[in-house]
Amino acid sequence: MDYQFKEIEQKWQQYWAEHRTFRADTTSNKPKYYVLDMFPYPSGAGLHVGHPLGYIASDIFSRYKRLKGFNVLHPMGYDSFGLPAEQYAIQTGQHPAVTTEANVATYRRQLDQIGFSFDWSREVRTSDPAYYKWTQWIFMQLFNSWYNLETNKAEDISTLIEKFNAAGNSEVKAVCDEDTLDFMPSDWANFSEEEKQTELLKYRLTYLKESTVNWCPALGTVLANDEVKDGFSERGGHPVEQKKMMQWSMRISAYAERLLQGLDAIDWPEPIKEMQRNWIGKSVGASVKFSVARGASSGAVPDADRQTQCDIEVFTTRVDTIFGVSFIVLAPEHELVAHLTTDGQRSSVENYIAQTKKKSELDRMADTKTVSGAFTGSYVINPVNQEKVPIWIADYVLAGYGTGAVMGVPSGDQRDWLFATHFNLPIIQILDAQKDIAIEADATKQGKYINSGFINGLSYAEAIAKLNDWLVEEKVGRPKVNYRMRDAIFGRQRYWGEPIPVYFKDGLPYLINEEELPLVLPEIDKYLPTESGEPPLGRATDWTYDNEYEYELSTMPGWAGSSWYWYRYMDAHNNDAFASEEAVAYWKDVDLYIGGAEHATGHLLYSRFWNKFLKDLGHVQEEEPFKKLINQGMIQGRSNFVYRIIDSEGKGTNQFVSYGLRKDFKTSALHVDVNIVENDVLNIEKFKAFRPEFAAAEFILENGRYVCGVEVEKMSKSKFNVVNPDDLIRSYGADTLRMYEMFLGPLEQSKPWNTNGIEGVFKFLRKFWRLFHNEEWAFHVNDSIPSKAELKALHKIIKKVQDDIERFSFNTSVSSFMIAVNELTDLKCKNRQVLEDLVIVLSPYAPHICEELWSLLGNENLSTATYPTFNPEYLAEDTFAYPISVNGKMKMNLDMSLALDENGVRELVLANEQVKGYLEGKEPKKLIFVKGKIVNIVV
RNA sequence: GCUCAGAUGGUGGAACUGGUAGACACGCAGGACUUAAAAUCCUGUGCCCUUUAAAGGCGUGCGGGUUCGAUUCCCGCUCUGAGUACCA
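Per this note's numbering, residue 3 is the first one in the first sequence, and the count goes up by one each step.
Hints were generated in silico from the structure; no laboratory data involved. Source: prediction; values computed, not measured. Do not take every clue at face value.
Stated by the list, open to error - Under the rule of at most 30 Å between Cα atoms (straight-line distance), these lysine-lysine pairs were calculated in the DSSO-like manner: (1) Lys-790 to Lys-801; (2) Lys-34 to Lys-801; (3) Lys-70 to Lys-590.
Sequences and hints are given; from them, build the entire structure.
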């Protein structure tokens with residue numbers, strides 16, 4: 003029979019499901035290998051062709067590893083909490099759980115028909131209470147932990163309390179809030195329960211913190227940055243304001259250094275590591291206190307406050323330039339600004355602050371050219387030389403980074419230089435190697451210091467060391483490492499997320515009992531915030547702890563459930579632990595993780611954080627969760643256009659002109675559904691049915707066809723360029739889709755989707771099928787002894803595919819399969835032995851057709867087969883058609899024995915008549931010979 | 001602006017450590033089979049010159065360099081894509 007992909011694919015998908023073929027087994031004595039895909043959010047739009055790209059690659063890898071004798075864990079699940087389901091619920095009143103369930107069913111159906119070898123018995127859904135029980139449990143562990151900088155790991159909060167009991171907090175080295183009290187053991191003992199809890203909260207790894215959020219009063223809700231555009235909500239266009247709010251936060255900053263160091267040990271793409279390094283943003287420098295000078299300038303009456311001692315702390319990476327400071331700049335939002343502003347400067351400072359507030363964050367960042375700022379009227383004393391230096395405010399200083407204050411050194415920093423030049427502030431040269439500081443700043447670290455008091459004559463390294471010691475000695479500063487990364491906000495004022503297992507008593511948060519987990523999401527009448535502006539959970543009735551205390555009304559953010567899910571797959575149905583100790587000990591970590599690069603600083607960073615935390619507590623074994631990471635490229639949409647002719651009045655007509663002829667007319671381009679276009683040629687009949695208004699359309703054709711225009715855009719419904727895998731599977735089958743997606747190009751490269759070449763892959767599979775059949779489509783192989791040529795073709799592909807898969811070059815193996823099948827077809831190979839091995843080698847790519855042929859060959863269960871061993875002997879050659887080049891230009895090929903050495907080759911080459919012709923009687927100066935590669939004659 | 005990735009025929013791409021550029025496909029052209037179409041098969045297909053062939057010239061974004069030899073290494077530039085945002 004001809005290749006009947008529909009029957010074959012259905013049959014084997016059913017077989018795999020019934021036989022639980024891909025169930026991973028924790029008791030196996032084979033080596034383990036864990037292949038993980040980033041699990042999808044089940045959106046209402048279903049799967050598009052971009053999704054499976056990574057899944058196909060990981061599936062090929064998993065199937066290959068099974069053939070290579072590994073015990074492979076290859077699971078799949080759903081990141082099923084999220085905003086779109088909630089949005090939909092608000093609009094329709096449908097419970098998000100219901101729509102999510104329906105979407106999951108669609109995804110499952112679509113995934114199943116591609117023939118993935120997932121172990122579905124381990125499926126997880128983050129919105130399942132049996133799953134989020136453990137997300138909540140991890141939250142509780144974080145709440146009950148603090149970060150000990152002495153042991154450099156998280157510890158149970160009880161060890162902190164012991165320290166408080168024994169010695170108060172002066173000796174405690176912890177990552178904590180900045181406003182901790184100083185207390186002695188006796189103080190601690192006398193603290194009330196509330197005071198103790200308040201203090202402990204400042205050390206807990208998850209804690210409450212006042213944060214600024216985008217608050218939209220009209221919608222009564224907090225918005226993500228994405229949902230705000232130019233100060234207005236994207237939905238509805240209502241004004242959005244900044245509002246301070248108590249929010250749950252995760253002390254990820256405690257792990258900054260370990261997150262940074264850990265990158266060196268993992269096999270990830272360098273650009274992703276670089277992104278994480280930048281995100282963590284380590285800078286080494288010093289923090290220096292500048293004390294505010296008493297009595298401000300311009301005859302202003304100093305108020306009583308200003309008389310009190312007050313310091314401005316700055317962070318700098320160039321403490322060596324401190325003698326060159328000619329001004330200090332605070333962020334306009336800095337808390338001391340109002341306090342420091344003199345009456346004389348008040349109006350201009352307030353003006354400036356008002357202006358800054360008006361600028362959107364984007365404007366403020368985009369405009370690096372305009373210099374702006376305002377003088378506060380106050381001064382600080384530079385601690386190193388007692389110089390009086392003016393305090394300014396400017397919006398280039400950010401409140402959120404460092405201390406929100408910088409020292410201005412115009413000779414060494416171009417931005418400071420521009421500021422000083424604009425406002426006429428002094429520019430002091432500090433290094434003898436600095437040049438042309440009248441024209442621009444020179445940030446050199448070369449040369450010796452000048453105009454720099456006690457560091458005059460020193461080099462950069464000497465100066466830094468001396469200053470750091472001096473700062474500590476004089477108690478005006480210290481060396482400091484600063485990280486850009488800030489703690490992660492861990493609450494959302496939404497419904498469709500994990501409830502936070504916390505209740506409030508006397509305004510303080512307490513954990514619920516572990517036995518009470520999961521804290522199940524309560525039913526509510528509407529998915530909107532309450533009238534008083536509380537999160538949707540405020541609508542729940544009879545939802546209190548112990549019938550008394552109010553629960554936390556925020557839910558966890560989207561990244562909570564995805565920050566540990568790979569462990570759940572190890573032991574998905576465990577009710578007593580997130581995964582059993584034995585399961586974690588067996589599977590350990592993810593060997594290969596495939597997913598999109600867009601998660602570089604979100605999911606991939608948070609996951610590493612939670613993993614390190616769980617490691618500190620002894621719940622998991624590895625410091626890093628994902629050993630190797632591969633990013634698949636984004637599949638873009640390829641939009642097609644038709645060109646409607648515009649009449650003299652500017653109105654669209656009924657006529658459409660083909661792409662090549664559109665220049666002769668006035669036209670407007672219209673998106674046309676890519677599914678009615680083939681190889682950029684429009685199917686006119688389908689187009690007429692596309693929309694009623696096109697039913698009577700007329701066409702100006704070129705070469706008898708209507709050619710469409712093309713543009714690469716993001717895949718989206720509104721652009722009619724979404725390609726759904728279902729249609730392709732219907733016309734070509736899953737095996738063709740799988741191979742075609744791989745054939746498209748390198749996995750990691752982003753590329754537009756186009757189906758132009760899919761026929762070629764389909765033809766290949768038919769040709770492959772025909773290898774096993776005779777002219778009448780009857781199954782036909784023989785048991786003859788394989789010829790040398792057949793074995794050569796086979797072993798070439800055995801080696802090629804294994805090399806390709808191991809370097810994730812899937813596109814090149816598809817080409818090689820085509821070559822192998824072409825060769826074997828030409829050889830009229832019907833040999834059972836050869837074809838059987840070929841089936842195994844191809845099976846990771848096209849599993850259905852291979853299972854069918856495998857069973858026709860009389861075998862059972864292809865996934866338990868063994869990948870054939872490559873034998874280099876079959877590829878060995880006696881002779882080689884050496885390319886002969888003259889002066890580096892290839893001229894001809896000459897067959898010569900591979901046994902020949904340079905002298906033998908030289909003799910043969912120079913004696914050759916054709917070569918003589920090329921030399922035109924000239925004496926060769928030199929002959930380059932690379933064995934098995936090339937001969938080059940230099941004249 | 002900075003960082004990273006990339007640029008190869010009409011198209012997707014191949015060439016893995018510097019050694020025959022354009023594998024494999026798509027498309028296109030021509031042919032076979034067919035009443036016809038589909039399917040299948042065969043041939044050709046980087047560009048230029050040439051009636052054809054042989055032969056030749058030019059060719060991996062642009063300009064240089066290293067080398068017997070460069071798509072590959074180095075320097076400078078242009079463009080495209082992604083990320084990031086005044087980080088003190």
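Hints, verified against the model:
Simply put, Lys-790 and Lys-801 have alpha-carbon atoms about 16 Å apart, close enough for the 30 Å limit, and the pair holds. At roughly 23 Å between alpha-carbon atoms, Lys-34 and Lys-801 fall within 30 Å of each other, so this suggested pair holds. A hinted pair counts as satisfied when its Cα atoms are at most 30 Å apart, and Lys-70 with Lys-590 qualifies at roughly 20 Å.
The structure agrees with every numbered hint stated previously.
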